[in-house]
Amino acid sequence: MNELQKATPVAAAGTPTVSTLQRMKEIASVIEAGSLSNDVRRISRAVRLTIALRGHLIPQDVSMFLSFALPASSDAYSCLSALLPKKHGMVVDVTASESQNSIKHGLPEIEIYCYLLVLIVFIDQKKYDQAKACANASIARLKNLNSGTVDVLASRLYIYYSYVYELTNTLAEIRGNLLGLYRTATLHRDELGQETLLNLLLHNYLHYNLYDQAEKLRSKAPRFEAQSNQQFCRYLFYLGKIRTIQLKYTDAKESLFHAAQKAPTSALGFRIQCNKWAIMVRLLLGEIPERTVFVQQGMKNALTPYFELTNTVRVGDLEMFRSVADKFETTFRADRTYNLLVRLRHNVIRSGLRNISISYSRISLSDVAKKLRLDSMDPVADAESIVAKATRDGAIDATIDHANGWMVSRRRADVYSTNEPQLEFKSRIAYCLNMHNEAIKAMRFHPNSHKDRVEKLHDRHQQEEQDKRMAEEDDGDF
Amino acid sequence: MCSGPKERQENQGATMDSELEKVTCKFAWFNFACARDELDDSVALLAELKVLLTKFGSLPPSFKKTPNAVAELKLARTIYEHAVILSVKIKDQEAFERNFSQLKAFYMDTCGMIPPSPDEYPIRGLYLLKLLADNKIADFHTELELLPLEALNHPCIKYVVELEQSFMEGAYNQWINAREAIPHDTYVYFMDHLADTVRYEIADCTGQAYDYLPVKDAKKMLMFTSDKEFLEYITEEQHEWEIKNCSVLFHMAKPNNHLDLHPFKLMNQAFNYAWELEQIM
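From first to last, the protein sequence lines are chains A and B. Residues in the first sequence are numbered from 1 upward in steps of one, following full-length UniProt numbering. Residues in the second sequence are numbered from 1 upward in steps of one, following full-length UniProt numbering.
Honestly, I wouldn't trust all of these hints.
[What the hints assert, rightly or not] Keeping only pairs whose Cα atoms sit at most 16 Å apart, straight-line, the calculated EDC-like set for lysine to aspartate or glutamate is:
hint, chain 1, residue 1, chain 2, residue 2
1, B, 22, B, 38
2, A, 132, A, 191
3, A, 216, B, 139
4, B, 65, B, 109
5, A, 370, A, 420
6, A, 248, B, 139
7, B, 89, B, 38
8, A, 127, A, 166
9, B, 220, A, 378
10, B, 55, B, 40
11, B, 244, B, 276
12, B, 216, B, 232
13, B, 91, B, 119
14, B, 104, A, 287
15, B, 265, A, 166
16, A, 426, B, 38
17, B, 55, B, 17
18, A, 216, B, 143
19, B, 74, B, 37
20, B, 89, B, 143
21, B, 89, B, 139
22, B, 219, B, 237
23, B, 136, B, 97
24, A, 300, A, 290
25, A, 441, B, 41
26, B, 89, B, 40
27, B, 91, B, 17
28, B, 219, B, 204
29, B, 136, A, 173
30, B, 216, A, 319
[Unchecked claim] A few chain A positions that, by computed beta-carbon distances, are all more than 10 Å from chain B:
hint, residue
31, 130
32, 168
33, 245
34, 246
35, 248
36, 311
37, 339
38, 370
39, 377
40, 388
It should be emphasised that the hints constitute simulated quantities derived from the structure, not laboratory data. Because the structure is a prediction, the values reported are computed rather than measured. Backbone N, C-alpha and C define an ideal beta-carbon position, used for all residues, glycine too.
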């Protein structure tokens, strides 16, 4: 039986098959140590170890762990073991528990950790109803707790709580709860919790396209130094999305770029989404993203529709644009970028017009309408208005001769004699400086390292003095 | 007098039913007044109706589950829809916004509880048109995101969305075609309001794109029907335009001096760079 195999005790550190249960017990002892010494970093380490263990968790192991970690009389134990499936013929893991230190029962962190474990197991096994019950119970339990070490586990719990509801398509139900939790976290000055909950709330609103409410929340929420890089990336992504819908494309581009860069390389799905939105925003701003953006590792297939879209915008052909939009409609709708796509139509026309204006010094408006493939009742009048607006917006430099019905392009002055190169350089320099400053801020020195340095310095001084004295003595002898 | 709980409940039910009846009755009066275009009476009746509606517990945001909840929600929604249409008739934009924001709560949050209203999409299209007329394009798009997929096929919504698209591209002349094909009577007011916004844009564009235009064509482009209005417009709004020999001369703004140096900006930038470099050293 699997369980017997997994229940073999740990022989030596070098054994390749350390049972899952052993690992869980080790993690529990790390949590215990962390909570006793109030060291948040140990708890985070424990969480990371758990996530690494995630693929191997099965309900039977978890229920054995529960009986080990929680006192049988606690509410948590009764609640959780009621949810877990009962084992057939439980093998008491006597040998293993002897070699392990006993855990202090009653630590709140251990309880919350157990809730977290059970929730993860249910989600991975797709047992969403039980997962929901577990999540609700854990949130109720969390209401009474308030300590820094619990907060790390609590924020993980919030994430999975929201995830469970998202998987069952009932996100709207928990909005009130999340808002209440956010209030509590703010009152407890739990910054990690605040960050996590704000992101979860924004995710909730954006899931239902409630951009207005999301922006209202975001603008009023207190801002502080980011505690977790991943939460910061998520925040930037949501901010970018909101700004895109509000037509503030420059801000959106910055946020989305930052999010895509700061994200860890393993978060491929997230980076793909960031890139998709970043490409759309750049197209809406009138820039054409370079080819290298589309061939990044692992993203080529996902970004193919966007690549074809970029091509049509670059060429400026409305027919091609319409056919690409129809061909990939389902992808765009799934990514929720379809509304942005519709806005791109005017960019396609603009770039087509720009090509025409550069290539022709004088061209009749009916030819312009034909080239742009405008389909409406009166394409020539449309073309005339479009050219007028493009001139006003500064996209092209032309005059219209109404009597003869043609458009005359003015030859543009040499680009290098204008301000443009300087502005381009300025933005690049600002970007590099920004990156440099952020890198410096992000460097974290070990808090005791400066003591070592002082000691080394002291040693070096002593050494130097000794050398000097010896040298003087040598001189004296000389 | 001790009335048992059941009797009390029945009494409550009876009072609620009578509340519902009162409101329904008054609403019928309100409809009558609206149909006869007695705007003052309608406004007064509407105010009374709104006060009565506060007695219903089942309305947003409380959404209590009362026995008459469905009927109450439906009635309240219809009242607000008529309020919106009335505010268009009396040309009160603030009242329109207020009533619509209350109505929006019904549209957004009562999806499962009552069947959708037939007037929902025309009224939402009307609000979109108002945003367009006020040139609030960001709000327009945010509002558009809230609409479900099938809404975009509805003629009223499609009308406004296509109008916005053509304006983004610059085909302002589409306004004239759109004016002919209005999908709903209430849209007339905002379309005329939109005409002013559009006219301002067209004037700006033509001023920059043309050196001169014959008066007849300029008049048609700016959508004026009579010469007198056109001349008034020029004298009041566009002081730089001149009329000579039956054509309008646009004295375009001087072309951008590309060699504009902005000395202070450059100095500031140079100082910033020096400071940053010093920090790195």
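Cross-check of the supplied hints:
no.: 1; hint: 22(B) with 38(B); verdict: violated, 21 Å
no.: 2; hint: 132(A) with 191(A); verdict: violated, 26 Å
no.: 3; hint: 216(A) with 139(B); verdict: holds, 13 Å
no.: 4; hint: 65(B) with 109(B); verdict: holds, 14 Å
no.: 5; hint: 370(A) with 420(A); verdict: violated, 33 Å
no.: 6; hint: 248(A) with 139(B); verdict: holds, 12 Å
no.: 7; hint: 89(B) with 38(B); verdict: holds, 11 Å
no.: 8; hint: 127(A) with 166(A); verdict: holds, 14 Å
no.: 9; hint: 220(B) with 378(A); verdict: holds, 15 Å
no.: 10; hint: 55(B) with 40(B); verdict: violated, 24 Å
no.: 11; hint: 244(B) with 276(B); verdict: violated, 58 Å
no.: 12; hint: 216(B) with 232(B); verdict: holds, 15 Å
no.: 13; hint: 91(B) with 119(B); verdict: violated, 20 Å
no.: 14; hint: 104(B) with 287(A); verdict: violated, 37 Å
no.: 15; hint: 265(B) with 166(A); verdict: violated, 50 Å
no.: 16; hint: 426(A) with 38(B); verdict: violated, 64 Å
no.: 17; hint: 55(B) with 17(B); verdict: holds, 12 Å
no.: 18; hint: 216(A) with 143(B); verdict: holds, 14 Å
no.: 19; hint: 74(B) with 37(B); verdict: violated, 24 Å
no.: 20; hint: 89(B) with 143(B); verdict: violated, 23 Å
no.: 21; hint: 89(B) with 139(B); verdict: violated, 24 Å
no.: 22; hint: 219(B) with 237(B); verdict: holds, 14 Å
no.: 23; hint: 136(B) with 97(B); verdict: holds, 14 Å
no.: 24; hint: 300(A) with 290(A); verdict: holds, 14 Å
no.: 25; hint: 441(A) with 41(B); verdict: violated, 68 Å
no.: 26; hint: 89(B) with 40(B); verdict: holds, 11 Å
no.: 27; hint: 91(B) with 17(B); verdict: violated, 35 Å
no.: 28; hint: 219(B) with 204(B); verdict: holds, 14 Å
no.: 29; hint: 136(B) with 173(A); verdict: violated, 32 Å
no.: 30; hint: 216(B) with 319(A); verdict: violated, 35 Å
no.: 31; hint: 130; verdict: holds, 26 Å
no.: 32; hint: 168; verdict: holds, 16 Å
no.: 33; hint: 245; verdict: violated, 6 Å
no.: 34; hint: 246; verdict: violated, 4 Å
no.: 35; hint: 248; verdict: violated, 8 Å
no.: 36; hint: 311; verdict: holds, 20 Å
no.: 37; hint: 339; verdict: violated, 6 Å
no.: 38; hint: 370; verdict: holds, 16 Å
no.: 39; hint: 377; verdict: violated, 6 Å
no.: 40; hint: 388; verdict: violated, 4 Å
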